Structure formats: C-alpha cells, structure tokens
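Just so you know, the protein sequences line up as chains A and B, in that order.
Letter by letter, the first sequence follows residues 1 to 390 of this note's numbering.
Letter by letter, the second sequence follows residues 1 to 390 of this note's numbering.
Identical copies look the same in the list; a pair holds intra-copy or inter-copy alike.
Taking lysine to aspartate or glutamate pairs in the DMTMM-like style, the calculated list, with each CA pair at most 25 Å apart, reads:
(1) Lys171 / Glu160
(2) Lys285 / Asp90
(3) Lys15 / Glu5
(4) Lys137 / Asp148
(5) Lys137 / Asp123
(6) Lys109 / Glu97
(7) Lys314 / Asp90
(8) Lys167 / Asp234
These aren't lab readings, by the way, just hints derived from the structure by calculation.
On a predicted model such as this, the values are computed, not experimentally measured, just so you know.
Number of protein chains: 2
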Amino acid sequence: MPVFEVSEYQERIAKTKQRMQQQGIDVLFISQPANMNYLTGYDAWSFYVHQCVLVALEAEEPVWVGRGMDGNCARLTTFLSDENIVEWPDHYVHSAEHHPAETMVEVIKARGWDKKRIGVEMDQFYFTHRTFLELEKGLPNATFVDGDTLVNRVRLVKSEREIEYMKRAGKIAERVMDAAVENIKVGARECDAAAAIAYAEYSGTEEFGGDYPAIVPLMMAGEATKTPHLTWTDKRYVADEAVLLELAGVYRRYHCPIARTMFLGKEPPQIMRDTAEVVIDGLQKTLEFVRPGVTAEQIEAQWRKAIAHSTIVKESRLGYSIGVNYPPDWGEQTISLRPGDKTELEPNMTLHLIPGIWYDDVGFEIDASIRVTENGYEHLFEYPLDIVLK
Amino acid sequence: MPVFEVSEYQERIAKTKQRMQQQGIDVLFISQPANMNYLTGYDAWSFYVHQCVLVALEAEEPVWVGRGMDGNCARLTTFLSDENIVEWPDHYVHSAEHHPAETMVEVIKARGWDKKRIGVEMDQFYFTHRTFLELEKGLPNATFVDGDTLVNRVRLVKSEREIEYMKRAGKIAERVMDAAVENIKVGARECDAAAAIAYAEYSGTEEFGGDYPAIVPLMMAGEATKTPHLTWTDKRYVADEAVLLELAGVYRRYHCPIARTMFLGKEPPQIMRDTAEVVIDGLQKTLEFVRPGVTAEQIEAQWRKAIAHSTIVKESRLGYSIGVNYPPDWGEQTISLRPGDKTELEPNMTLHLIPGIWYDDVGFEIDASIRVTENGYEHLFEYPLDIVLK
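With the rest of the complex left out, here is chain A:
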C-alpha cells in the first residue's frame, strides 16, 4: 500500500491540477518516475520500459499505464482503483513493430481525452522522442504542450510527513558517511569501501531501513579528485591521497545527500587546506543567509561574496532542491542556486548546497542538506564541517 495517506496524494493531485489549469493543460502525461511516485505512490524498478501516469482535469483519479507484468506492482504500491491500472501487452517491449505508447493512446481515446490539450514532460529522461512521435501519430486531434517540471515544482514544498522522511534520510546519511570514513583507509580496496557504504545505505538504522539512492556512491581518489561523478575501482588507497565522497541516505525514496573530503594522512597539502578554509567559511556565511523570502540567486550571490577575497572560482551552480527521486538523479530539477534563478524560498523546501571544487591540482567537496524553516534553516544531518583526516 502507498506510503502516505490517500488524502496526501489527493492534495498533491489537486495542486498539480491547479498548475495544469494555469498552464492550459487538460491532461498531463507523466513519465518521470519520481513524479509518478509522488502522485500515486507507484514504486517499482519498472522504469526501464515505457510507463506513465495520466492526470486529467476532469478525472478524479490518475490512470497508471505500464507493462502487464508490472500491473501488480501498481496494485501493491498505489491507491489507484483497478479501472485506473491499465497494462500493455508484453510483446510491445523493445519491439520493432509495436510501442507501449499505443496502449497509452488507446487509454486517452477511450476516456475521450484525444481532442484535449495534453502536457508532456518534454525534457525528462524516460520520455523519449519516439514516445512523442507515437502520441502525435495516434492522437492527431490533440494539442501537445510542454508540461516539463510541472509536477517537479509541486514537489518543492514538502509536507510534515515528507520532512520527517527527509530527516530519517538524514540520520541514514550520517551512518553512511561514518561507514565511508571507517572503511576508507590506506591499503583497503575502493570497491570494499563502496560495499560498506552501500551496506549502510540499504540497511539504514535499527528503527527504520534504508532505500537505494538515485546515484550510487561517487568516490574519487588521488588523480580522480579533479572531477566529480566517478565511481570506484579495485585500486587500493595509498597514503597522502585525497578522497572526495558524494553519498546519500535515503528513506522511502526521499534523499538526503552528504559530501565530505577525506585526506589519508595528517598533513594535507597547503592548497587543499587553503581551499577548505575558504569553502567552509563561504558555506557557513551562505547558510546564515538562508530564510524564506530570499531567492535562489541571492543565496548564490552571498556565496560568491563570501569567497570573493580568494582565488576560488566556482562556475557551476552552488546547489539545488532535493526530495523524492529515482535514478539517475536525486536533484529535483527545479531550484538551482545560481544567477538568474529567482525562485523565492519557502518554509519546508529542502536544498542541497554543495560547493564542490574540481581543479587539476586540488579537488574539494563539502555540503549541507537543509530544510528551510519559518525563520531560517535547519540541517537534515549533523556532521562536522571540515576535512576528514585519517
């Protein structure tokens, strides 16, 4: 059964319909797995084939359309009634002759929505160009409009129950970083440290279990610290090597990222210490500025002001909003802390601030995952804001 009360899904659907009305969308075709989960509870690793949730202004309940063998996943994890769970036949999977969108077209026609304005998530992975072509071919009287990130924006402000889930994810994140620090040591293989990290992610705490993160452990050592987004090898850690860690705790698909930099020795190079000092001080000053009413770009400007006295230049965004998600990304693809993003912060938005620096001669990552409160912010996890020496 779905993890939230049915009334909470109904509120989310109502907010979605409100935005649909504002954007002139009658039917929203949702293929992003986190958006599908958010509106119905659907939770299965079935997003490697085409599936969707349809929200129509005129229909009370959304419709799930997916592969036949996943229909029972929908029955087990959503609140949807059986008439709103529609299955496409298995021979449509990876077929040259058929496409799952054919069934989606049939559903839209059968419900009389084929002359409506249909919103599609144009730039979400899991919505391919081919799916669009099939919809266009099968629904010649429909008008297609962009509904990209519409549901993502509804997700921005979390409910009390969602915040509780984020905090549980934060508790797991602390344990995940503990597992990393304990297992990353001179002589250990990177893959064994990764294994211990995954163990902590999935196992969670004694009170509540963990879930899989939308991004596997990113853990760059030695030369690889000049870049983010690499995973592990089976190399052994050597003395006086830096390790960048970008990890997460997850509770029921809600993510709390956690990032730190380790140095396997007592004397990090001067350039790393200098970088750490500037970045940590800059992050603290930026956090002090966080409160409802300030905009995403104002936060980033504060960060730039705080590090202006140094030689550090960070071209990439300082952070982004977080919440429920599926691979390949735990970011919500809405708020980006950077110039031009004028989104005003509201209470119960949750953000990941990650001032990562990846130069050829030094890499450094540290972060804060926070909730915006009525007057400021609170941390979702507690972990010392410093280089981890070992």
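Position chain B against the provided structure of chain A, taking the given hints into account.
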C-alpha cells in the same frame, strides 16, 4: 584510462560505421550511456544531464560532448584526444533559457556536419523529445533518421576480453546469490538482506572488485511474489514465505544476472513445487537447444513446447541479450526470446533466460545466464537449478 585496448574501441567504431553506411547515416548522435561507454570507454555517473558521443563516417575519432565539470571524466576514462572532448557551460543545466543540445549543435556545425544525415537514438531513454527539438531547430539543413539500437546491435557479439569480463561478472553473481541465501532468513529485515547483497555486488571477489548493477536487488517476499520489479522494505521475513530474487554480478559495467526463488521453510506449497518442476525442466530442455544458427524465436518455441503439458502460460518474453550497461536496464534491447524475433544466434552472444512466473497464487523465478559457444552454450555462473529451501 579506458578498460579495453584502444584497438578494440577502434574495431567497435569500424563496425558501427559499417552499420551507419548500411542505414544511410553520416553522423550518429549517441546518448545511451552503455553505447557511449562501448565506443569510447566513457564511464561516469554523469548521465543525469544531457551528453552525447558523435560518430561521423568522415571522422576517425568520435567526439564526446558533456557538461563542463565532466570533461575530466572523459579525459580520465576515454582514449579520446582533447580536441574531441567538448564541454557545455554549467548554466545550461536544468535551465529554462538554455539547453545542452545548443553546444551539441555548435559542434556539429563547426565540423561541417550540419547538412548530413544524422541518426538519433529515437527510443533510448536519455534522448528526450526536447533534445530532438533543439537539434531540429539548430540544424535546419540536416536530415534526421532513426539510429535506435544501432550500436546496441554491434554490442551483441562479444570479444574474448568482453567474455572474460562477463565470466568475472558470473563469479561475482555466485557470491551475490550466496550472500542473499545466507542473509535472508526468518526474523531478518529485508533491508539488511539487501545491504548484504549490495555488499557482495560492489566488493566482488578477492581477485577483482565488483561494480554497481544497472538494476538494484529485486527481492519480492510473501504477497509481493505475485509481481517482479519490487525492491525491499524493512519488514522481517516470516516462516513459510517465498522470496523471489533477481540479482546480478557486475564487472566493469558487464552484467551477469542471477535469479532464484527461496522458500523459508521445509515444505513449499504443492503449487510452487509443481511450478518449479515444470519451469526447471522446461529451462533445461530449452538450454539443450541453444547453439549458433538457431533463432531467438526458435528457442522460445522450444520452451513453449517443453511446458505445453502443464497449465503454465508465460506471456512475457523468455529472455534477452546482456552485456555492458547502465541504469535503468541491464538488457541490451536487441534480442528478445519470443515469437517474431528472427535473430540468429552467433558464438559469443550472451543471453539471460529468465522464465519468471508471477501469478496471484504463486511466483517463481529461476534463470540461466549463458554464452553461446561454437557448438552450444556455456553457463556464465554455476548455481544449483532448484528452489532454495531454508
């Protein structure tokens, strides 16, 4: 540096160009992460933003285009020369004003490919409808054609080195299943068993480390055995409950799936025993039939013949080809063992046969991951073909 010899990538590129010529494609725009890896070695968890590899008939080397901060990932993991690593600016990420495809358009123009026939992977996730619209807008003189699964088909027949990697993945798969069987027991939490499975996946063996699978552990217990594709909860296993396991061993992105059914007791229900007997016998008879020259649909027909005496009906495909991959799927999206697939088997193709049964009253999964040999087949992992009683 890339994990294969540069000459192996060059052979793969040559085969890709051959198919491009056959299909009338001058430039292939590749966004599927496994295809990017296969042709260049590129290996990073950066596929949550838009990136591509361009293969042009007239250019010796492919071009990688990705996010600025991932340029060093390309420098560290591919054989590409610096002029063929092109970065898009960070403010294009999840932006309402800009799209990463703008840089891809610029690269195509700068190299004089903007009047060519450009193949795109129309139905691959990671190639969104919006990306297509941006290409179409930016390259009005190009002709776009479907290049979907073109590289996937090149991947079908593995090299000796790739087979060695698949066998290593098979060794890891055996350990992964051992970890599952050891940790799934009455009273244990599902999340703790999942943690032990992930540990085995990432850690690998003492001789070689593991890698992350394209699909997290799928582990359905009790009522959930009527469906595939669910992950874990923090419930505790209870006596006389069945557990379906769909797991994998992975070595350097090469996958060997492994699936078994456990029963937490000594006396599985009669219906499960009957199902197991039919399915295992059917799988064995099907495997005996596997050899070069037979077609995918002939193999499936053999399976149907072998179970025809029973009441079992399997509507979904019996299996598919496997190899290098990234989330969300370890299947190659080429061969499907089902009616209509006339692909002839060749030596060094690798297949996953998984006759999974998910009825409301019984679920049962068992599998074989195999390599097609000169005369028949060999198993990629060794594990008893039976229900695991515990």
